[in-house]
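Colleague: Please model the entire structure based on the sequences and the hints provided.
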Amino acid sequence: MNDIGDGYSTPVVVGTRIYLMSNRGMENEFVQALSTQDGKPIWTTRVGNVGNPNQNPPYAKARSTPTVDGNFIYALGSDGDLACLEAKSGKIRWQKSIRKEFGGQPGEWAYAE
352 MNDIGDGYST
362 PVVVGTRIYL
372 MSNRGMENEF
382 VQALSTQDGK
392 PIWTTRVGNV
402 GNPNQNPPYA
412 KARSTPTVDG
422 NFIYALGSDG
432 DLACLEAKSG
442 KIRWQKSIRK
452 EFGGQPGEWA
462 YAE
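Here the numbering used here is used: the first residue of the sequence shown is 352, the next is one more, and so on.
None of these hints come from the bench; they were simulated from the model. Remember, it's a predicted structure, so these values are computed and weren't measured experimentally. Heads up, a few of these hints could be off.
The calculated DSS-like cross-link candidates involving lysine-lysine, where the alpha carbons are at most 30 Å apart (straight line), are [as the list claims (entries may be wrong)]:
(1) Lys412 - Lys439
(2) Lys442 - Lys391
(3) Lys391 - Lys447
(4) Lys442 - Lys412
(5) Lys412 - Lys391
(6) Lys451 - Lys412
(7) Lys451 - Lys439
(8) Lys391 - Lys439
(9) Lys447 - Lys412
Ranges of calculated distance between the beta carbons of each label pair, as one might list FRET restraints [what the hints assert, rightly or not]:
(10) Gln388 - Gly454: 38 to 48 Å
(11) Ser386 - Thr418: 16 to 26 Å
(12) Gly390 - Lys439: 15 to 25 Å
(13) Met377 - Gly455: 15 to 25 Å
Don't be surprised by glycine CBs; every beta carbon is placed ideally from N, CA and C.
Modeller: Structure, rendered in structure tokens:
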């Protein structure tokens with residue numbers, strides 16, 4: 352596996368796929384599926400920004416572990432972006448911002464579950 356990005360997400364293994372969240376910079380937090388056979392990416396889907404630029408302590412990185420339920424993956428980004436993706440393709444089925452749409456306030460470590 353090369354350059355899967357930064358973050359504190361725990362990988363989830365289902366069948367022949369590894370699902371995890373990671374980030375590259377502050378503008379790109381994503382969910383990705385990798386092959387258990389060779390570690391190569393199957394798909395990568397951007398779900399939002401990484402935390403808040405004014406966050407303290409300033410450790411902005413992907414924090415949540417994706418939840419896999421049958422054919423769907425649920426992922427919570429560190430800036431409050433909650434998404435449901437198709438496990439097979441990574442296509443976003445729906446997406447909500449806990450912070451923007453519901454007035455949610457992040458904790459000290461941003462949004463993490």
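Colleague: Each hint: holds or not?
Modeller: Each hint tested on the structure:
no.	hint	verdict
1	Lys412 - Lys439	holds (25 Å)
2	Lys442 - Lys391	holds (18 Å)
3	Lys391 - Lys447	holds (29 Å)
4	Lys442 - Lys412	holds (22 Å)
5	Lys412 - Lys391	holds (22 Å)
6	Lys451 - Lys412	holds (19 Å)
7	Lys451 - Lys439	holds (29 Å)
8	Lys391 - Lys439	holds (15 Å)
9	Lys447 - Lys412	holds (19 Å)
10	Gln388 - Gly454: 38 to 48 Å	holds (44 Å)
11	Ser386 - Thr418: 16 to 26 Å	holds (20 Å)
12	Gly390 - Lys439: 15 to 25 Å	holds (19 Å)
13	Met377 - Gly455: 15 to 25 Å	holds (19 Å)
When held up to the earlier numbered hints, the structure conflicts with none and fits them all.
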